[in-house]
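*Asks:* Sequence:
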Amino acid sequence: MKGYNYRKYSIIVFIVLLFLLAPQLCKIALLNRSNKEVPKPEMKKEIPLLYGEFLSWDETDKLFPRYAKAKVIDFETKLQFYVQRRAGQYHADVQPLTAEDTAIMKAVYNGKWSWKRRAVIIELANGRKIAASMHGMPHGAGAVRGNNFNGHFCIHFKDSKTHGTGAINMDHQIMVWKAANRVSEQLRSLGPQDIIEVFFAAVNQGETSLAKRLIDDDSQYATQLLKNLQDIEAARINSIENQGRNSFKVNVGVVYKNSDKEYIKNMTISMKNRKKSSWKVDPRTMLTLLDKEAWFEIRQWNEEQTPHKPEIAHFRRT
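Residue numbering for the sequence shown is 1 to 318, as defined by my numbering.
Simulated from the structure, these hints should not be mistaken for laboratory data.
Incorrect hints may have been included.
Said to hold, decoys possible - Listed next, the in silico SDA-like pairs over lysine to any residue satisfying Cα-Cα at most 25 Å (straight line):
1. Lys292 <-> Arg274
2. Lys249 <-> Thr285
3. Lys227 <-> Gly244
4. Lys227 <-> Lys257
5. Lys227 <-> Lys249
6. Lys212 <-> Ser189
7. Lys249 <-> Ala222
All of these numbers come straight from a predicted model, not from anything done at the bench.
Starting from the given sequences, assemble the full structure and let the hints guide the process.
*Replies:* So this is what it looks like as structure tokens:
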């Protein structure tokens, strides 16, 4: 009898406990089910850096002929727009295809046209990507209807030249190196005079990180020079003369920020040979660059007139 009562009460206790725990058991079951149905978030994959082939202008000229279309990818912002090559003997003279492409290109330049160079990737119709450099200023003739672009703009490639001077433009070349991931390789191959030209091209294009790589940081003057380079809006070499013993006489034009004057200066720049890397600029000999009182001539400055010289281009309308 006692055993019978024990079993009876055990069943009652079990039923009561089951009744009390049922809501919690249901919640656990639903939670497990929901966890199975919702996939676990995947780890975000880093977007790989995009570089272009380091192809010469002679090769690119054949791959990107006149009237061919291509996609322009800005190296920094990754903004993309389409263009058509219309002319150009020593580099590509191109125009945006549509007004929308023009708007995107202008956005790359923060809404203001500029001669400043930018590293870009040119993606051809066959998917091939080539390292290049563009500026952002409509000029000369244009022929694509309805694109809201007054003229054309220039795209340079490895060893391409300007039409006005027939010379390689270093400002464009450093951007091509950047787009091809070839900066270090190119710097190691250059002599001291070429490094000076690269330095001023970097300053002119606001590429402070590149300019820093070319300054001898063993000098106590390196920090002073680097800090004040940010006050320079534009810089260009007018002439350069080798004086021997790694010393060069350089005539430069400098435009300081918030100024419309170009200060012409004569400088004697010394170079140091760093065998494990590239030649380096002695920053002590560059301090004249920062001195607004050290000049022998002042000219009126206009970005549209320096350093690019607009060339005449003939187009057939489409």
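*Asks:* All the hints need checking, so say for each whether the structure fits it.
*Replies:* Do the hints match the structure? See the list:
At roughly 31 Å between alpha-carbon atoms, Lys292 and Arg274 are farther apart than 25 Å, so this suggested pair is violated. Simply put, Lys249 and Thr285 have alpha-carbon atoms about 11 Å apart, close enough for the 25 Å limit, and the pair holds. A distance of roughly 29 Å separates the Cα atoms of Lys227 and Gly244; the hinted pair therefore is violated under the 25 Å criterion. Distance restraint check for Lys227 and Lys257: the Cα-Cα separation of roughly 14 Å lies within the 25 Å cut-off, and the hinted pair is therefore satisfied.
For a cut-off of 25 Å, the pair hint linking Lys227 to Lys249 stands: about 24 Å separates their Cα positions. Between Lys212 and Ser189 the alpha-carbon distance is near 18 Å, which keeps this suggested pair within the 25 Å criterion. The hinted pair formed by Lys249 and Ala222 meets the criterion: a straight-line CA distance of about 20 Å does not exceed 25 Å.
Comparing the model with each earlier hint shows violations of hints 1 and 3; every other hint is respected.
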